Amino acid sequence: MDLRRPNRPVIGPKVRQVGFVTPDSAAATSSSSIPAVSAAAAASAGSPPSSLSPVMIPPPRHPSTEMSNPHFHPVGSYNPSEQILGSPPALSPSRSSRFDADGSDFGGDDDESVALSGVGGGMTPKSSLLMCQPVTKTAPLVSETRKRDSNASKGKGEGPSAAPKEKLTKAERRATQEAQRAAKAAAKEAAAAGGAPSVSKQPKPATKPATQQKKDIPSGSGPLQPLAPSGSIEKKQGKKEVAAPHPRMQFDDMTKVGKLKKRAVVNQSEARNRVELFRHLPQYEHGTQLPDLESKFFQLDLIHPSVYQVGLQFLSDKISGGNARCIAMLLAFKEVIQDYTTPPEKTLTRDLGAKVGSCVSFLIECRPLSVSMGNAIRFLKNRISSLPHNLSDKEAKSRLQSDIDRFINEKIIIASKAIVEHGVSKIRDGDVLLTYGSPSVVESIFAYAHGIKKNFRVVVVDSRPKHEGQGLLRRLVERGIHCTYTHLNAVSYVMHEVTRVFLGASSVLSNGTVYSRVGTACVAMVAHAFRVPVLVCCEAYKFHERVQLDSICSNELGDPDAISKVSGRKDLNYLDGWAQNENIQLLNLKYDATPSDYVSVLVTEQGMLPPTSVPVIIREYGIERLWT
Amino acid sequence: MWWRSASFIRDRQNQNQNPNPNPKPSSLLHSALDDSPSSPTSTSMAALNPNPNPISAYYQTRAEHHAVVTSDWLAQSADAAAGDVAASSGAASGGSKGEGGGVGVIEEFNYWRKKPDLAEAVAAVMALAAVIRSSEATTMNELDIELKKASNNLKSWDTTSISLSAACDLFIRYVTRTSALEYEDFDAAKRRLIERAEKFGEISLKARKTIAMLSQDFISDGCTILVHGYSRVVLEVLKMAASNKKLFLVLCTEGRPDRTGLRFSKELAALGIPVKLLIDSAVAYAMDEVDMVYVGADGVVESGGIINMMGTYQVALVAHSMNKPVYVAAESYKFARLYPLDQKDLEPALRPIEFGVPIPSGVEVETSARDYTPPQYLTLLFTDLGVLTPSVVSDELIQLYV
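Protein chains in written order, with the working numbering: chain U, 21 to 648; chain P, 61 to 462.
Excised from the complex, chain U in its bound form (with noise of 0.2 angstroms):
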């Protein structure tokens, strides 16, 4: 109790905070926060987001040097530049239908803005946010002045009253071209000026809060760098890693997928249809690269050939699930360790950072990665740059070995066997317990419980394309347990009988959604309905601090051939070329976020707990704790 926190009053009568304080009180109670950050938080919260006018550029959601830098880090779907672009439309819709007849101007001319404001949040580097701010704080006095003399003009009674607004809407969007003008030329200022990233980055703090919002204020900075333990490090590193692209990158950005499809290793080909809403994910038919990237090989000096290997295994689906993509990975970078040399007249630390950072980006090139791969490389990356300066090449490299070994065995292997242990504490004689896909923690819960002799039946819930519950069902009846084999379609029938479900998960994040196998929001919903209680198994290593409250935002797509064809079925092909039909889009989403509302447990290596302490978890055992 008094290690941690030693300053705490138990007894005194006055009300303790806790959970989620409010900005203002955490400010009050100056428990930790800095506080630049709370006066920008606050400065920020005073000016409600109404004011920001429609003349305001976006920021860009994700500017190609910030793919360097991990610092910024979308933090949910919440999307302020959304928000702002989001305002106009409440004009829109009244404008178009009442001005019918010069509808096509406007609409050119609204058109063109909207596009421009596109390219220019996706294209300018950061420092061109930095210089249009002014810019922007000017043009909503402009319009106002605008609008001041356009109202005085008019005088009363003259025409609709819908006029003065359309002549504001001209006159606004006029003045976000010329702000958005500006705002080019500034950052081709900045760009001949030499404004190298490092330069652009320094003020980035300043511009966040304004444009984050209340978001990050709770928890200062703690939130906004899921990525970057160490802001400095990164910073380092940043010019290195321009290689590596933003795991969050929209890929409905043309130039910016182009960009990295020149430098891109593998060469996927894309799907051609595209859904609608999922266009900012990467879309690739998963075909046959293999001879392709077979070709390759000896001309791929930087990647490490076991690298290499695992990233076919990625792309190939020969190594699926959380926990065996992200051990698969961690020993791949230890031999990358290994047989690694610092280069003369550089640093262990520095360069072998970015030696890893270009190993990462060929794996994302692969398949995107997991939580659990980015919070162990947000490790690996912790620890090597924490390394002392002094140590030789070979102690640096057997530490780091070691640290990998360690971060696998405690993190992944002993956190699953606790994972078990409270587990089947929860199963008791007689169960029917439901999984769905093939959890491997939920599992080895089966086998031990099994194993010390519970009298339990298994319902292997699965689905297309994958069917992995086909090999969990084959594992579980080899090893003599009961069970029962259906598909997700119909989940609704066998859980009336089911007392118990069993869940595997991607990833946890701190709002309690679970982020999981696709369906598996389906099987939690149709338990909620039917009062059976829901057992999520995940180890703490794959909890993030995101929040996600759709699963649109960020997700994977799987190769749109996979649903289109059944295996085996050689008449059924109605979809057959359905690629060149355009009015057919196929859309394969890999995962699901599941609300916490219907997850009655977290089973973890902690312990037991409701999905409300995450949080908790994060922050008292996050990677950032690990053995520093």
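No wet-lab data here; the hints were simulated from the structure.
Be aware that one or more of the hints could be misleading.
Just some of the chain U residues that point at chain P, by a computed CB distance under 8 angstroms [what the hints assert, rightly or not]:
#, residue
1, 553
2, 605
3, 608
4, 620
5, 621
6, 628
7, 630
8, 633
9, 636
10, 640
Derived pair list, reagent style EDC-like, types lysine to aspartate or glutamate, alpha-carbon separation capped at 16 angstroms [as the list claims (entries may be wrong)]:
#, chain 1, residue 1, chain 2, residue 2
11, P, 404, U, 449
12, U, 354, U, 449
13, P, 404, U, 365
14, U, 610, U, 576
15, U, 366, U, 337
16, P, 250, P, 202
With the C-beta cut set under 7 angstroms, the calculated list includes, among others, these residues of chain P facing chain U [stated by the list, open to error]:
#, residue
17, 303
18, 373
19, 374
20, 377
21, 401
22, 454
23, 455
All values reported here derive from a predicted model rather than from experimental measurement.
Virtual Cβ for every residue (Gly too), placed ideally from N, Cα, C.
With chain U's structure known, arrange chain P on it following the hints.
Just chain P now, with coordinates in the frame of chain U:
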């Protein structure tokens, strides 16, 4: 009313102290228990349980404390008993050296347990503190082992009491989780441990007052409060509100089967608080006029839900469906590392139920004494750590245990 009679209580206490088989009063229970599916586990438990009594000892103690047989009577009885037990506890403090805190702790515990105003958990804390004090261990490790043994003894004395085991765990966590363990000097370290043990005992003793202070803001003039079960914390809260000259009406449920509500209403009426008594099945009928529900808790579990006297769940459900706040008053030593997924996911605590008429043959009786109220039906928990939402309970437990 045989189980509530004074002589019965004395008999039971004697029976607990000297394992003298006297199956006369509980023959009915045994027959009821043998039918129940949980009997094999409870008998297997009895093999290692020093208290081979199938009835939940926790509820028995509570019954002794609140039975309609007045508390002053019990105080007299306890005083009379304390004469010999105090002697034996004194002997325990001095004489249990050879036992290594084994039997001594239970005697000590029984001595404290008899005080009608003292919760069972606090009695356990006091007993464990006495173990440290009287310990003759010469190393920290020995003392640690002795303490763990004593706490295990206490816990196995009554496996159904959540607050007892929770308090034992918390005590050990609180006392041993200190830098004192690294001290060079054993005596200094032991003194530090005793200090902490006494502090913990003090906190536990004061908890009720703290909670009563905290919850005053939630009781406003003219409100109507529904109370279920006999909770000494809730009584303290209402007592303090009344002494602050607040005007409010209390609705008391009857609290079958041991009529805890009757006793509670009697206490309130003695304080001059307007009380209305309801039968348990009238909760939904009366909920319209209720402004808030106050309940105590036998244990607060990791999910933030509570385990309390049978009927709390349905009161909370009715209140939730009518959008009335449900407040729980519970001391922090009742926080337990349990996570029940449903009602049956608990160690069964059984209690005899008197129906007034003979039970027809072939009819089974549900004798469970408590139920589990999930956190979504609770509004706030008043604890000595502060006013908490249910989700914070797990945060507190994580900070303490993991």
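Results of checking the hints against the structure:
1. Annotation: residue 553 of chain U was flagged as interfacial toward chain P, and the flag holds, the nearest CB pair being 4 angstroms apart, inside 8 angstroms.
2. The interface hint given for residue 605 of chain U is broken, as the beta carbon of that residue sits about 39 angstroms from the closest beta carbon of chain P, more than 8 angstroms.
3. Given hint, residue 608 of chain U at the interface with chain P, is violated; its Cβ is 34 angstroms from that chain's nearest Cβ, farther than 8 angstroms.
4. Taking 8 angstroms as the C-beta cut-off, the interface hint given for residue 620 of chain U holds, the closest approach to chain P being about 6 angstroms.
5. Hint status for residue 621 of chain U relative to chain P: holds, with the closest Cβ pair at about 6 angstroms, below 8 angstroms.
6. Annotation: interface hint on residue 628 of chain U holds; nearest CB of chain P at approximately 4 angstroms, less than 8 angstroms.
7. Checking residue 630 of chain U against chain P: minimum C-beta separation of about 5 angstroms stays under 8 angstroms; hint holds.
8. With 8 angstroms as the threshold, the beta carbon of residue 633 of chain U comes within range of chain P, its nearest partner Cβ sitting at about 4 angstroms, so the hint holds.
9. Because the beta carbon of residue 636 of chain U sits about 5 angstroms from the nearest beta carbon in chain P, less than 8 angstroms, this interface hint is met.
10. Evaluation of the residue 640 of chain U hint against chain P yields a held restraint, the C-beta minimum of about 7 angstroms falling below 8 angstroms.
11. Note on residue 404 of chain P and residue 449 of chain U: the hinted pairing holds, with a Cα-Cα distance of about 13 angstroms set against a maximum of 16 angstroms.
12. Straight-line distance between C-alpha atoms of residue 354 of chain U and residue 449 of chain U comes to about 44 angstroms, which puts the hinted pair past the 16 angstroms bound.
13. The straight-line distance between the Cα atoms of residue 404 of chain P and residue 365 of chain U is roughly 68 angstroms, outside the 16 angstroms bound, and the hint therefore fails.
14. Only pairs whose Cα atoms come within 16 angstroms are accepted, and residue 610 of chain U paired with residue 576 of chain U is accepted, the gap being roughly 5 angstroms.
15. The hinted pair formed by residue 366 of chain U and residue 337 of chain U fails the criterion: a straight-line CA distance of about 37 angstroms is larger than 16 angstroms.
16. Between residue 250 of chain P and residue 202 of chain P the CA atoms are separated by roughly 11 angstroms; this keeps the pair inside 16 angstroms, and the hint holds.
17. A distance limit of 7 angstroms between C-beta atoms decides the matter here; for residue 303 of chain P the minimum to chain U is near 16 angstroms, and the interface restraint is violated.
18. For residue 373 of chain P, the suggested interface contact is broken, since its CB lies about 14 angstroms from the closest CB of chain U, more than 7 angstroms.
19. Given the 7 angstroms rule on beta carbons, the hint for residue 374 of chain P is violated: about 16 angstroms separates it from the nearest Cβ of chain U.
20. At a threshold of 7 angstroms, the smallest CB-CB gap from residue 377 of chain P to chain U is about 13 angstroms, leaving the interface hint violated.
21. A cut of 7 angstroms between beta carbons decides the hint on residue 401 of chain P: the least distance to chain U is about 4 angstroms, and the hint holds.
22. A distance limit of 7 angstroms between C-beta atoms decides the matter here; for residue 454 of chain P the minimum to chain U is near 4 angstroms, and the interface restraint holds.
23. Satisfaction of the interface hint for residue 455 of chain P is found here, the shortest Cβ-Cβ separation to chain U being roughly 5 angstroms, below the 7 angstroms cut-off.
Of the hints listed earlier, those the structure fails to meet are numbers 2, 3, 12, 13, 15, 17, 18, 19 and 20, in rising order.
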